[in-house]
Every structure is written in structure tokens, then in C-alpha cells.
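Let the hints inform the model, and build the full structure from the sequences given.
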Amino acid sequence: MKKALTIMLIALVAVSSVFAQGGSESSGKTEVYFLNFKPEIADVYTNVVEPAFEAAYPQYDLKVVTAASNQYQATLRSELTKSNPPTIFQVNGPVGIAENSSTVAPLQDTEFYGLLADKGMALSLDGNVVAVPYAVEGYGIIYNDAIMRKYFALPDKAVSISSAEEITDFDTLKAVVEDMSKHLDELGIQGVFASTSFMPGSEWRWTTHLVNPALWAEYGDLATAQSAATFEFSASENFKNIFDLYLNNSITAKGMVGSKADADSMAEFALGQVAMVQNGNWAAAQILGTQGNVVADEDIKFLPLYMGLDGEKNNGICVGTENYLAFNKNASAEALEGADIFLTWLFSSDEGKDIVTNQLLFITPFASFSADEVPNDPLAKQVNIWMNKDGVSSIPWVFNGIPSEQWKADFAQAMLEYINGRYTWDQVTQTAVDAWAREAELTGR
Amino acid sequence: MEKTLRKYFPLFALPALVCFALAFLIPMVWGFVLSFCEFETITNPTFVGLNNYVRAFTVDNYFTQAFWFTLGFTIVTVISINILAFALALILTKNVPGTNTFRTIFFMPNLIGGIVLGWIWQVVLNGVLAGFEQTLLSDSKYGFWGLVVLMNWQNVGYMMVIYIAAIQNISSDMLEAASIDGADGKTTLFRIIIPSVMPSITICLFLTLTNGFKLYDQNLALTNGAPNHQTEMLALNIFNTFYSRVGFEGVGQAKAVMFTILVAAIALVQLVATRSKEVEN
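Quick mapping for you: the protein sequence lines, in order, are chains A and B. Residues in the first sequence are numbered from 1 upward in steps of one, following our numbering. Residues in the second sequence are numbered from 1 upward in steps of one, following our numbering.
If you're looking for bench data, these hints aren't it; they were derived computationally from the structure. In this text, all values refer to a predicted model and were calculated from it rather than measured experimentally. Watch out, some of these pointers could steer you wrong.
[Unchecked claim] Label pairs and their calculated CB-CB ranges:
no.: 1; chain 1: B; residue 1: Phe57; chain 2: A; residue 2: Ala371; range: 54 to 64 angstroms
no.: 2; chain 1: A; residue 1: Pro106; chain 2: B; residue 2: Val149; range: 53 to 63 angstroms
no.: 3; chain 1: B; residue 1: Ile261; chain 2: A; residue 2: Trp425; range: 40 to 50 angstroms
no.: 4; chain 1: B; residue 1: Gln65; chain 2: A; residue 2: Lys119; range: 44 to 54 angstroms
no.: 5; chain 1: B; residue 1: Gln65; chain 2: A; residue 2: Thr230; range: 19 to 29 angstroms
no.: 6; chain 1: A; residue 1: Asn47; chain 2: B; residue 2: Lys94; range: 52 to 62 angstroms
no.: 7; chain 1: B; residue 1: Ile261; chain 2: A; residue 2: Thr230; range: 35 to 45 angstroms
[Claimed, not checked] Below, computed lysine-lysine pairings styled on BS3-like, alpha-carbon distance capped at 30 angstroms:
no.: 8; chain 1: A; residue 1: Lys381; chain 2: A; residue 2: Lys38
no.: 9; chain 1: A; residue 1: Lys254; chain 2: A; residue 2: Lys150
no.: 10; chain 1: A; residue 1: Lys254; chain 2: B; residue 2: Lys141
no.: 11; chain 1: A; residue 1: Lys182; chain 2: A; residue 2: Lys313
no.: 12; chain 1: A; residue 1: Lys82; chain 2: B; residue 2: Lys214
no.: 13; chain 1: B; residue 1: Lys141; chain 2: A; residue 2: Lys240
no.: 14; chain 1: A; residue 1: Lys353; chain 2: A; residue 2: Lys29
All residues carry an ideal CB built from backbone N, CA and C; glycine is no exception.
The structure is reproduced here in C-alpha cells:
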């Protein structure tokens with residue numbers, strides 16, 4: 001009996017050690033695993049980038065997996081514990097780095113970091129460069145100029161201005177939008193604004209992007225927001241201004257917003273059913289890729305997020321980045337080397353740059369790109385125009401200083417309760433303030 | 001022979017034991033240990049004592065809210081599923097034409113996965129509610145009853161099959177004797193049929209009870225806890241705590257341990273209670 005037990009134990013140990021080694025690869029190729037954050041371009045990675053890179057560097061096996069719709073951090077977390085963890089992953093800024101502080105690898109010696117034009121844009125942790133931005137983005141209210149021109153040509157319009165470019169503050173925007181709502185049939189649209197999407201996972205356009213001007217008005221810059229232990233939401237009324245304008249002049253009735261995803265909103269815009277939608281230049285691929293898209297490229301333009309802040313006629317669209325790439329220091333040395341080679345290839349070889357500019361549609365911060373190598377899509381061009389416009393300055397992305405994902409989730413749910421009529425706006429404001437204080441304390445501010 | 005068998009028993013049991021240990025025992029023990037730790041990935045824990053168990057209730061009240069929601073949901077579905085399934089089983093054992101077709105149709109929803117079911121019902125229910133300019137997310141009561149409908153649709157067929165098997169097993173002598181003695185339909189049902197199928201009732205109650213408590217996919221696909229965590233059930237709350245909140249992995253683990261103990265305790269109590277009512281056939 002005793003002998004049998006001994007045999008059993010030995011066998012157990014042997015079997016489990018076999019299982020423990022199951023993860024190692026033996027195909028001879030080094031796998032470079034990139035966990036992508038952008039679903040809009042997931043197909044480009046699998047259909048174009050992977051074959052092109054593997055053709056240029058046959059010793060590597062590139063694997064791109066996409067996770068988004070608020071699931072990125074959760075996916076990353078579970079992938080990192082696997083025996084074949086991602087080599088390259090995305091962090092959304094300083095908060096993302098703090099969340100992954102035990103995983104990020106130093107990047108100052110990589111060639112990829114060397115490509116960055118303004119080294120100050122990279123993020124550091126304990127004296128090491130750990131995250132490098134790869135795409136600069138801008139967002140605001142995207143409008144269809146053809147519909148706007150049609151409106152301004154109406155004989156009985158209620159405003160005195162004659163083009164969308166003359167809208168420079170919230171009052172004008174509100175007057176135009178509300179008057180447009182009265183002329184829906186003449187304009188051939190079903191609502192001025194696309195759906196205020198609140199399907200689970202589609203709330204990010206409000207919880208981060210729309211709240212950004214309010215955060216900026218309160219904190220002034222990202223560094224202050226990042227260290228802020230409390231949030232007063234002093235621009236709460238301004239936020240409500242534009243949020244109500246979206247809801248009351250929308251293609252979708254208030255009660256129905258819970259069934260709309262952000263992709264639905266973009267489709268409504270592309271199909272010409274609405275005149276405006278809040279989103280950023282990354283949505284160009286979505287608009288242009290919608291089957292039956294009726295919006296001409298030259299009619300797709302940006303308006304800043306006007307909400308009645310002081311001096312807002314000098315504010316441009318929100319320009320910044322939450323797209324930083326980091327390396328996993330627990331990946332093998334060969335994989336890390338491969339990751340550097342892959343990104344250097346993508347952002348500096350002619351073939352890679354062509355893919356980045358024309359298919360991934362990134363406005364990059366790298367010195368390897370010349371001034372005319374910017375994406376050809378209408379929204380990227382618009383971002384460039386707004387960044388260089390006289391008399392206006394872009395609003396930085398202060399929302400990267402939001403203490404945690406939980407704050408966004410709580411804020412989103414409070415907004416949904418407001419839409420459903422069970423919360424007053426004061427309760428929404430209070431939720432945002434309380435949740436910030438709680439999350440800031442939990443994250444050690 | 002007997003002796004040889006005993007001698008080699010451990011060796012023959014080994015493969016199953018190894019699998020059981022790897023897939024169940026080790027993760028469970030490790031999970032229990034982790035509930036007392038703070039960790040980023042499960043390989044680098046630091047011990048923090050009972051802190052996680054305290055934080056599960058103090059940081060927000062979503063866990064207790066989820067408990068009450070789950071409890072209400074389970075009570076409603078256990079009753080509705082079993083009554084409906086038993087009623088269908090009674091009808092379909094009465095030589096109704098097309099019995100087999102009906103049995104197949106009622107059983108079929110059970111073959112579809114929970115996520116898919118959730119999406120299907122989300123579309124159906126949102127379509128119905130759209131007539132009133134509402135969605136599933138407009139009010140938590142829609143989410144609650146939506147889940148109840150979904151759960152019934154999925155589980156009634158399965159429980160029905162168990163009941164049918166049991167009812168068909170009742171000896172016809174007994175039913176004949178009852179009818180000769182002048183028992184009417186109601187008396188036959190409560191005095192003969194129900195006591196005879198008590199073992200099946202035990203199984204069905206057990207299955208529906210634990211299914212209700214452990215529900216996850218349907219909840220995730222139908223409402224994902226919205227609005228404002230009001231339709232979030234325990235399993236979804238645990239998942240969200242573990243994966244969506246940084247620094248809360250240990251808290252999620254602590255919740256999971258409490259959840260396991262709770263479900264095991266409820267199921268045991270229920271098992272003992274119904275077992276004592278079973279009659280010997």
C-alpha cells in the first residue's frame with residue numbers, strides 16, 4: 001500500500017511538471033504578441049500588417065488580438081497571467097501605467113523610442129521610459145456640411161449666421177440645433193444628433209470625451225487632474241447644457257438610448273440620417289466603411305465641444321492621445337527584441353509607413369514621418385486644420401487623469417438614471433464628485 | 001483478487017485524481033488562499049488578512065444589492081420553472097397527439113448557449129419595449145422580468161424531461177387502484193403522482209436553485225447589470241470586481257469564496273429538506 005502511494009506521488013509530480021512546461025513553443029519562430037486596443041482597425045492588423053511583417057521578417061510570428069469596448073484592461077489582465085503573455089500592449093496614460101506598474105518594461109534603449117520626435121511625450125515610471133505614444137487624435141462634434149449648407153439656405157431659418165464655421169459658442173450652437181430640429185423634413189434628416197449611445201460598453205463618448213472640457217476647465221492640465229484628490233464638477237451645468245442638447249435633438253427617443261451602440265450612431269451619420277455626431281478622427285474608418293455611406297469626404301468636418309465655458313470661442317477641438325504602447329517585461333528577451341523590430345519596421349520602413357498612413361490612419365508623433373505623410377482621411381485632415389487654426393488652441397486630453405475605470409462606470413450609470421428620469425442632475429453631479437473622492441483615495445492620491 | 005485490486009487501486013485512480021487535482025482542487029485551494037491576499041496577477045500575492053472580506057461590503061453596496069437581486073430572482077424562477085415544467089410534463093404524458101414533437105420543441109432552447117440566448121432575448125424584449133419608447137436598461141424591473149422569462153424559456157424544457165421520465169415510471173397498477181377506489185384527478189395528483197416523483201422534484205429543485213444563483217452568461221448578455229448595478233447578479237458582480245477594478249482582485253476573490261460557501265450551504269439545506277419527504281418506491 002505504502003509502495004503504491006509512493007508510486008502515485010511520484011507519478012503526480014512527474015505529470016504536473018510535464019503540464020507546467022506545456023507553454024513553451026518549439027516551432028523555431030519567435031512569437032510577438034500584440035494586444036490591440038482599436039477595434040476599428042482590427043482587420044487591417046490581421047489582413048495587412050501580419051502578412052507584411054512576417055514576409056519582411058520570416059523569423060517572427062506576429063499575433064495580433066483585439067480587445068475593446070471597455071474590456072481591454074480585463075483582457076490584458078487575464079492574458080498577462082498566461083504562459084504566453086502579450087509582448088506589446090496598450091496603456092491609456094499615467095493611470096494605465098500605474099495599473100500595470102509591475103509589467104511595463106523600460107524602453108529608453110529601444111529603436112522604437114528613438115523614432116519619437118518629441119521625447120517629452122513618452123511616459124516614465126521610476127526614471128525609466130515605459131510607454132511611447134503612437135497616434136495623436138482629435139475629437140469634437142463631427143458634422144455633415146452638406147446638411148448644414150441646406151439648413152443655412154432655408155428662407156425661414158431663425159439664426160443670422162450663414163455657415164457652420166460661424167458657430168463659435170454654445171448659444172449659437174443651441175440656436176442652430178434647435179431650429180434645425182424644427183426643419184427635419186426639409187433637411188431630410190431624422191434628428192440633428194446621432195443616438196446618445198448608452199448600450200453597455202458604448203458610454204465612453206460621454207464619460208471620457210464629453211466630460212473632458214469640464215475637467216480641463218476645472219484642472220487646467222493633465223498633471224493637476226492626475227493628482228487631484230477631489231473633483232468639484234464646477235462645470236456641471238455646462239456639461240448638462242450640451243448633454244441635454246444631444247438628448248433633446250436626437251434621432252433616438254430618450255427611453256431608447258440604452259439599446260444604441262456607438263457603432264449605431266456612426267452608421268446613422270454615415271447614412272445621412274443625422275447632421276452631427278460626437279466622435280474623433282478614429283471614426284473616419286467607420287464612416288467611410290459603412291455600406292451606403294452618403295456623406296461626401298469634403299463634407300465631414302469638426303466643431304469643438306461648445307458647452308458655454310468662459311471664452312470658449314478660442315477653444316479648438318480636443319487633441320491628445322491615450323494610445324501608448326508598452327512592452328511586457330515578463331516576456332522573453334527574443335520576443336521583446338522582436339517587438340522592437342516590429343514597431344520600428346511599422347513606423348519607419350516605407351512599407352510600414354504606407355500601411356500606417358493609408359490603412360491604420362494614424363497621425364503619428366514619430367520623426368520618421370514627413371509632414372505630407374498624414375492620413376488621407378477627411379477627419380485626420382480636419383484635426384490638422386484645427387490644430388493649426390489661428391486664434392484657437394486645442395483642449396488637451398485631461399480625461400486621462402480620471403482616477404479609475406470605476407469612476408467612468410459610476411458616472412455613466414448616473415447619466416443613464418438621469419436619462420431614465422430617476423435621477424436629478426444634482427444627483428448625477430453628486431455621484432461624479434463622490435465617486436472621484438472615493439476612487440482617488442483608493443488609488444492613493 | 002480482492003487484495004490485488006486494493007493494491008492497484010491508487011494507480012488506476014491516478015489519472016482521474018491528477019485531473020481532479022489540477023482542474024479543481026489546486027485552483028480552489030489557491031483561490032481560497034488568494035482571498036486573503038492583495039495581488040495584481042495571481043502569481044504575486046501579498047497577505048492582507050481579512051481586509052478583502054471587509055472591503056467587499058464597505059467600499060460600495062453592490063455586493064449586498066446583487067445578493068438580494070439574486071435571491072429574489074432565484075425564488076421566482078425556482079417556483080415558476082418547476083410549476084411550468086411539471087404542468088407540461090403532466091399534459092405531455094396524457095397521450096396528446098404530437099407529444100414527441102412538443103417534447104422536442106420545448107427541450108430545444110436548452111441546447112442554445114447562455115450568451116446567445118441573452119442576445120436573442122435582448123433583441124426580442126427591446127423590440128417589444130420599443131413600442132413604449134423604453135429599453136431593457138430603462139428600468140431594473142424590465143431586466144428582472146426579462147431574466148425570469150429567459151430562464152424559464154431555457155430551463156422549463158429540461159426539467160420537463162426529468163418530470164416526464166418520472167411520471168412515466170409510476171406503475172399503472174397504482175393509478176388503476178386509485179381510480180377504482182374512486183380518486184378524482186386532484187386526489188390522484190396530490191396523493192399518488194407527486195409523492196411518487198419526489199426524487200425528481202428534489203433533482204429539479206436543486207438544479208433550478210443552483211442555476212439561479214450561479215447565473216452569469218444570460219445576465220451579462222441581457223443587461224450587463226445596468227441600470228446602475230440594479231440587475232447585477234452575484235456571479236457578474238464577482239467578475240466585475242475581479243476584472244474591472246484595479247486593486248480589487250483580492251476583494252473579488254473574497255466575494256467568490258463567500259459565494260461558494262453560500263451556494264453550497266443553501267443547496268445542502270434544500271437537499272436535506274426534500275430528501276426527508278421522499279417515499280420509498
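Which numbered hints are broken by the structure, listed smallest first?
Structure breaks no hint.
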